[in-house]
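Asker: Each chain, written out:
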Amino acid sequence: MESGLAGTMLGEAHIPTGIHDDRRAAEWRLVQEAQAGDLRAFERLYRENERRVFALCMRLSSNPELAEELTQMVFIRAWRKLGSFRGQSSFSSWLYPLTVNVARSERRSRMRRLARVFPTDDVAALEPTPKAPTPKAGFDLEKAMAALPPGARTVFVLHDVEGRTHEEIASLLGLASGTSKAQLHRARRLLREALGS
Amino acid sequence: MTCQELDDRLDGWVDRTLPEEQKLEVESHLAECARCREEERQLRQLLTHAAALPRSVSPPRDLWPEISRKIERGRAWSWPRGSWQPALAVAAAVVVAVVAVVLE
Numbered sequence: 001m002e003s004g005l006a007g008t009m010l011g012e013a014h015i016p017t018g019i020h021d022d023r024r025a026a027e028w029r030l031v032q033e034a035q036a037g038d039l040r041a042f043e044r045l046y047r048e049n050e051r052r053v054f055a056l057c058m059r060l061s062s063n064p065e066l067a068e069e070l071t072q073m074v075f076i077r078a079w080r081k082l083g084s085f086r087g088q089s090s091f092s093s094w095l096y097p098l099t100v101n102v103a104r105s106e107r108r109s110r111m112r113r114l115a116r117v118f119p120t121d122d123v124a125a126l127e128p129t130p131k132a133p134t135p136k137a138g139f140d141l142e143k144a145m146a147a148l149p150p151g152a153r154t155v156f157v158l159h160d161v162e163g164r165t166h167e168e169i170a171s172l173l174g175l176a177s178g179t180s181k182a183q184l185h186r187a188r189r190l191l192r193e194a195l196g197s
Numbered sequence: 198m199t200c201q202e203l204d205d206r207l208d209g210w211v212d213r214t215l216p217e218e219q220k221l222e223v224e225s226h227l228a229e230c231a232r233c234r235e236e237e238r239q240l241r242q243l244l245t246h247a248a249a250l251p252r253s254v255s256p257p258r259d260l261w262p263e264i265s266r267k268i269e270r271g272r273a274w275s276w277p278r279g280s281w282q283p284a285l286a287v288a289a290a291v292v293v294a295v296v297a298v299v300l301e
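So the sequences go chain by chain: H and G.
Residue numbers 1 to 197, in our numbering, belong to the letters of the first sequence in order.
Residue numbers 198 to 301, in our numbering, belong to the letters of the second sequence in order.
Hints were generated in silico from the structure; no laboratory data involved.
Where is the CB? At the ideal position from N, CA and C, for every residue including glycine.
Among the hints, a few may not be true.
[To be verified] Just so you have them, the derived chain G footprint on chain H, three or more residues with Cβ under 8 Å: (1) 48 to 55; (2) 67 to 74; (3) 152 to 162; (4) 179 to 189.
[Unchecked claim] Derived list of chain G stretches under chain H, where covered just means 3 residues or more per stretch with a C-beta under 8 Å from a C-beta of chain H: (5) 234 to 246; (6) 250 to 261; (7) 264 to 271.
Construct all of the structure, not just a fragment, from the sequences and the given hints.
Answerer: Here's what the structure looks like:
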C-alpha cells in the first residue's frame, strides 16, 4: 500500500498533519493489540508494510526468492521484538533498520556457510550470480544493481533509491560516513559504466 | 582542477553537498571540459533512473500464511511471558531435594 501507513517510512512531509496523526494513532492501536498477542492486528501491520519491506529486501539481496525469505524473517523478528517498540516513531520507521539488519546478517551467515564448504581466500567470489529481479520498470538498472559488489549495492540502494543520507546509512550499517561516500562513489561509477555499455 | 579531481567531487556536486568554494571550481571546470560534462550528464541520468524505481513491490505470492504459521509455532514452543520463573524455581527445588535424598 504505497500511500498507506507504509508511506511514512520516508516522504511523510507531504502528508497533512491531521491525517498523519490519525494514521499514527490507528497504527499505534494496532501495534498495542499486536503486543497483547493479537495476530490479526499484526497481520494488518504486515499488509501495510510488506511491499516496502519486500522491495528493500529484493534490492539488498538481488534475489527475489531470497527476498521472500528475508521478508518473512523480518516480520517474524518484528513480532518477537514488538514489545520493545514504544511508538516514538512510525512502525515502518522502526521496521526499517530491522529490515536492513536481517538482510545483512543473512548475507554474512550465507558467506560463512559458503566459506566452510568451499575454503578460499576470496569468499566474495563464492556469491551466487545474482538473478535479475522481476519488476519490468527500470529493469536495466535493477539488473546492473544486482551485479554490484554487496557493500556498494547496499549503500547505493539506501542513498540513491531510498533517499537516506550518508549519516543515516553510517548509523544503520555501523560504518564511517566517509566509507559510505566511498562505496556510493564506487557504485555510481560501476553503474554508469554498465548503463553506458 | 583536473578531471580526476572533478571526478572525486562529482558526487558532492550532484548531491549539492559541496562547500561553496569547491562548487565554483567544479562549475568552472565543467564549463571548459566536455568530457566531464558528459560524465555529469550520465550521473544525473543514473540518479533519475534510481529515483524512479518503485519503492514498493508486491511479493509474487502471499507470504502471510507462512509467517503466521511460524509465529504460531514459536508461540506454542515458548513459555508465556513471565511464567518461566516459577517453573524454574520448582524445577530447582526438585533437583535440590533429589540430590539431598541421594546424598543421605
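Asker: Tell me the hint numbers this structure goes against, listed in increasing order.
Answerer: Of the numbered hints given earlier, the structure breaks none, since each of them holds.
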